[in-house]
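For the sequence shown, my numbering gives the first residue as 1, with consecutive numbering after it.
Incorrect hints may have been included.
Listed next, the in silico DMTMM-like pairs over lysine to aspartate or glutamate satisfying Cα-Cα at most 20 Å (straight line) [stated by the list, open to error]:
{"hint": "1", "residue 1": "K57", "residue 2": "E67"}
{"hint": "2", "residue 1": "K11", "residue 2": "E48"}
{"hint": "3", "residue 1": "K30", "residue 2": "E61"}
{"hint": "4", "residue 1": "K5", "residue 2": "E25"}
{"hint": "5", "residue 1": "K57", "residue 2": "E25"}
{"hint": "6", "residue 1": "K5", "residue 2": "D39"}
{"hint": "7", "residue 1": "K5", "residue 2": "D15"}
{"hint": "8", "residue 1": "K30", "residue 2": "D2"}
{"hint": "9", "residue 1": "K5", "residue 2": "E47"}
{"hint": "10", "residue 1": "K38", "residue 2": "E48"}
{"hint": "11", "residue 1": "K30", "residue 2": "E47"}
{"hint": "12", "residue 1": "K49", "residue 2": "D39"}
{"hint": "13", "residue 1": "K57", "residue 2": "D15"}
{"hint": "14", "residue 1": "K49", "residue 2": "E25"}
{"hint": "15", "residue 1": "K11", "residue 2": "D39"}
{"hint": "16", "residue 1": "K74", "residue 2": "D64"}
{"hint": "17", "residue 1": "K49", "residue 2": "D2"}
No lab work stands behind these hints, which were simulated from the structure alone.
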Amino acid sequence: MDISKWNAIMKSFQDLMGYQPGINEVLVTKRLSAIGFKDIEKISGREEKYLVHILRKRYREILDDIERNKDKRKDRENGSDVNQ
1 MDISKWNAIM
11 KSFQDLMGYQ
21 PGINEVLVTK
31 RLSAIGFKDI
41 EKISGREEKY
51 LVHILRKRYR
61 EILDDIERNK
71 DKRKDRENGS
81 DVNQ
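Work the whole structure out from these sequences, hints included.
Right, dumping it as structure tokens:
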């Protein structure tokens, strides 16, 4: 895998979650995948596609959670409760 591509992925997670939580999320997701503890430089083409796929999926999940929490806060501020 190209290091610049890896750095771009790391930056997008850091922008979404903050510096350290973004790094932790990417590393934990990578380590829990089939790729495990393999070095970034040694990831092959097929493994790279797989890793990018699961990281995109995780990014969307986190983004959806953030948006859902914003909507809940907004509803509570307006006096309505989502859970009722």
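Inset, instruction - Kindly indicate which numbered hints from before are broken by the structure, ordering the numbers from low to high. - result: Of the numbered hints given earlier, the structure breaks none, since each of them holds.
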